Amino acid sequence: MENAAIIGIGMTKIEANKVRETFADMVWEAVNKALNDAQMTINDIDNIITTSNDFWDGRTISCMAVGDASGARNKNVSCVEGDGTFGAFYGLTRVLSGSYGTTLVTAHSKGSESISSLITNAAFDPIYDRSLGMDMITACAMQATAYMYRTGTTSKQIAQVSVKNHGNAKNNPMSQLPMDITVEDVLNSEMISDPLHKLDCSPVSDGCCAIIIANKDRALKYNDKPVWIKGVSFCSDSYFLGDRDLSKAASLTKATNAAYKMAGINNPKDEIQVAELYDAFTYQELMWLEAMGLCDDGKGSELLENKYFDIGGKLPVNPSGGLLSGHPVIAAGLIRIAEIVKQLRGEAGKYQVHGAKLGVAQGVNGLAGQSHCVWVLGKEK
Amino acid sequence: MSENMVIDSGNARQPFNYSVGLYGSKFFKELKENKRFLGVKCPKCSKVYIPPRKVCGECFIETREFVEVGPRGKIGSFTILRYAFIDPETGEQKPVPYGYGFIRLDGADTLFQHYINISDENKVKIGAIVEPVFAENRKGTIRDILHFNIVD
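Listed in order, the protein sequences are those of chains A and B. All residue numbers for the first sequence refer to the working numbering, where the first residue is 1 and numbers rise by one. All residue numbers for the second sequence refer to the working numbering, where the first residue is 1 and numbers rise by one.
Some hints here could point you the wrong way.
Said to hold, decoys possible - What the simulated footprint calls covered on chain B by chain A, stretch by stretch (three residues with Cβ under 8 Å from a Cβ of chain A suffice, anywhere in the stretch; the number is not a length): (1) 7-18; (2) 30-42; (3) 46-52; (4) 70-80; (5) 108-118; (6) 137-147.
Stated by the list, open to error - Think about it this way: if two alpha-carbon atoms lie no more than 30 Å apart in a straight line, the pair counts; the simulated DSBU-like pairs of lysine-lysine are: (7) B/K47 / A/K248; (8) B/K29 / A/K248; (9) B/K47 / A/K198; (10) A/K248 / A/K299; (11) B/K47 / A/K156.
In case anyone wonders, no lab produced these hints; they're calculated from the structure. In this text the structure is predicted, and so the values were computed from the model without any measurement. We put the CB at the ideal spot given by N, CA and C, even for glycine.
Take these sequences, add in the hints, and give me the full structure.
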């Protein structure tokens, strides 16, 4: 595919509690940064997609509450409930339809305003599951148990994802939790839900991200640094967790293969130079990498130990610090896309992956990775 | 006015009456009256689903045949929750630690999630055999099962 590009990105700093800002304030900041980045004005935006979740926002039709801040007045605005990568997918299809030359996509949430475990508990089926009190952490802990049992990956090994990503975050001024930690620190942190220690889990965060997608003609009209959308796909698995083999991410493999095919990628391990993945928990980074064919099944931990996924390694993963260093739900996937755009432009500063020409971003929606959205982005058309 | 004012939502509630559906009603009636687990079988791929639902998502076909599964099963995956959590049923903090498991009930192809008794943590393992303990006064809800015990 070579018909659309990302031409603007903007994000707020990720913080534990942006008490001074409303949702709309965060959106205003990210949108203006994206417009400035693209060297556009709001008049250059043909349509808008806002991405939010009503439970997280504590109001229904939450997407409409950020309409003015995203410049949607007197424009066609539509909404996606879920991760920002899915909102961006919708925004892209609107550009590809030919009806719009540009789409502005926003995604926001503030984890600080509610009790996260009650919000994620509400995602469970109210008839069979919800009253048992399960939430995102317990569901993912059971996925971690299943994955580690199947692959033989150890707690010590997954802890290294935390060490790497918090370390990477030290170079990213937008991240919430830059930290110098060791494997022992992770293993000695509070056991939240076996096998996940506190430092295996991403934090509660506030933040917003905005990106601007343009068709191939408009892509070259503004800042002249388009990042081309080479392949995109998403795929969903069953709703009931018990229906899935939780130790594998079958829907991610399907989505990734479709995106690679669209991008003309035959050997992802050799062709992709940087990845920003949805590491809500340490084990997930390894599990997603394996499901995406970026390393062999069950071998992620070994490569991690050999610094393969470090910024200087063969395939740097989450050079920005990832979600472990800041996890504003909904915005998180869109931030992954924006981070790949930075890398491909060569604008990632101290966490720049040198020579990155092709990168992959992944977003997740639903419990323990029910659905995945995969973006392959390229510096060259 | 303070610099960073927040508005508390108070004890606002949004009560719902969730329809259980015919399949769910049948499942809970069997659980309540006979302490039996009902699943459904896909007419095409023969997969047995629990909880019962009307559609096999893989085959996109309506399921009609109810089959009894369990009551025993094996642990497919588990966790032991150690952080304080508010019980969504009562609003009270639940005592920790407690165990959750995905259980493959005998005869079922999908896993059923519930509490696992963790009085002996060393026995909580993938593949361990479990059996349910039922409440005395059953109301036709998922909490009619108190938890699953590990069978030696």
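Checked hints:
A count of 3 residues in the segment 7-18 of chain B with a Cβ less than 8 Å from any Cβ of chain A is obtained; the coverage claim is therefore met, three being the minimum. Counting residues of the segment 30-42 of chain B whose beta-carbon sits less than 8 Å from any beta-carbon of chain A gives 0, not enough to reach three: the coverage restraint is violated. Coverage of the segment 46-52 of chain B by chain A holds. Counting CB-CB distances below 8 Å, 3 residues qualify, and the rule asks for three or more. Counting residues of the segment 70-80 of chain B whose CB lies closer than 8 Å to any CB of chain A gives 5, so the stated coverage by that chain holds, three being the minimum.
Counting residues of the segment 108-118 of chain B whose CB lies closer than 8 Å to any CB of chain A gives 6, so the stated coverage by that chain holds, three being the minimum. Here the segment 137-147 of chain B counts 3 residues with a CB under 8 Å from a CB of chain A, which clears the bar of 3, and the coverage holds. Taken as a hint, the B/K47 and A/K248 pair is honoured in the structure, with Cα atoms around 19 Å apart against an allowance of 30 Å. For the hint pairing B/K29 with A/K248, the CA-to-CA distance comes to about 34 Å; that exceeds 30 Å, so the pair is violated.
At most 30 Å may separate the alpha-carbon atoms for a hinted pair to count; B/K47 and A/K198 exceed this at roughly 38 Å. For a cut-off of 30 Å, the pair hint linking A/K248 to A/K299 stands: about 14 Å separates their Cα positions. About 37 Å separates the Cα atoms of B/K47 and A/K156, which puts this hinted pair outside 30 Å; it is violated.
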